[in-house]
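*Asks:* Sequence:
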Amino acid sequence: MLLSDRQRLRGEVQKFIEEMHRLKTELSETQKLNQSLQQSNDDLRNRNGLMSRSEQEQIEKEIEDDVIDFFRIPFMWYIRFCEWLVFPTYDNAFKQKIAYTGGRTWIIRILAIIVVFFILAIVTLIITEGIRQYEKMWDEISQMFLVGSLSGISVLGDAIREYLPVNLILLFGFVNTGIMLLKMYFRKKFDYM
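Residue 488 in our numbering is what sits at position 120 of the sequence shown, and the numbering runs on without skipping anything.
None of these hints come from the bench; they were simulated from the model.
Accuracy of the hints is not assured; some may be wrong.
[Unchecked claim] In silico lysine-lysine, DSSO-like type, Cα no more than 27 Å apart, as pairs: (1) Lys383 with Lys400; (2) Lys463 with Lys504; (3) Lys556 with Lys504; (4) Lys429 with Lys504.
[To be verified] Label pairs and their calculated CB-CB ranges: (5) Ser404 with Ile521: 41 to 49 Å; (6) Ala461 with Asp507: 53 to 61 Å; (7) Trp445 with Ile521: 41 to 49 Å; (8) Tyr446 with Gln501: 25 to 33 Å; (9) Gln424 with Lys557: 56 to 64 Å; (10) Ile537 with Ile509: 16 to 24 Å; (11) Gln406 with Ile436: 26 to 34 Å; (12) Leu549 with Ala489: 17 to 25 Å; (13) Met388 with Val534: 20 to 28 Å; (14) Tyr468 with Val534: 34 to 42 Å; (15) Ile436 with Ser396: 56 to 64 Å; (16) Lys557 with Ile537: 46 to 54 Å.
Every value quoted in this text rests on a predicted model; they were computed, and no experiment measured them.
All C-beta atoms in this analysis are idealised placements derived from N, C-alpha and C, irrespective of residue type, glycine included.
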């Protein structure tokens with residue numbers, strides 16, 4: 369009885385080993401086929417002037433990083449400012465942090481908060497006035513520049529990033545803001561458009 373159970377278990381183990389070997393072989397064949405298909409896909413993309421899959425994924429990662437940085441960097445400034453409010457310091461000539469002492473600390477904190485609120489209010493007013501002016505000046509030329517700058521940045525974004533480490537979202541905003549400011553200038557200067 370015990371001997372037959374042992375032989376039966378050995379038979380089942382042998383079947384499992386054979387099945388595992390078959391599955392490993394099938395997996396390696398599938399991986400080879402996948403690599404071959406990926407290579408043919410990359411070759412086809414290259415022949416048609418498109419980027420390979422890995423290049424496309426790298427560009428998507430860079431765009432994702434730009435979007436994240438667009439929101440993360442101002443947030444980190446805010447965090448550093450809050451930390452500074454808790455423990456206000458300044459750097460001396462030797463790059464050492466020196467804490468403000470006494471009553472000056474509270475005056476500096478209050479003035480810093482007032483300055484930040486003042487700057488936020490000014491930026492808010494500038495943005496709302498800019499939106500109003502943008503709505504007044506919106507026409508076919510503006511649409512053409514908007515689409516042109518977006519397509520130009522999307523096509524030339526990699527070349528731009530090779531020479532300037534700039535956030536492409538900010539670049540898009542600056543280009544379109546500059547175009548609107550030029551239109552406003554020319555409208556006032558030549559009284560047309």
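*Asks:* Going through the numbered hints above, which ones does this structure break? Give me the numbers in ascending order.
*Replies:* 2, 4, 5, 7, 9, 13, 15 and 16
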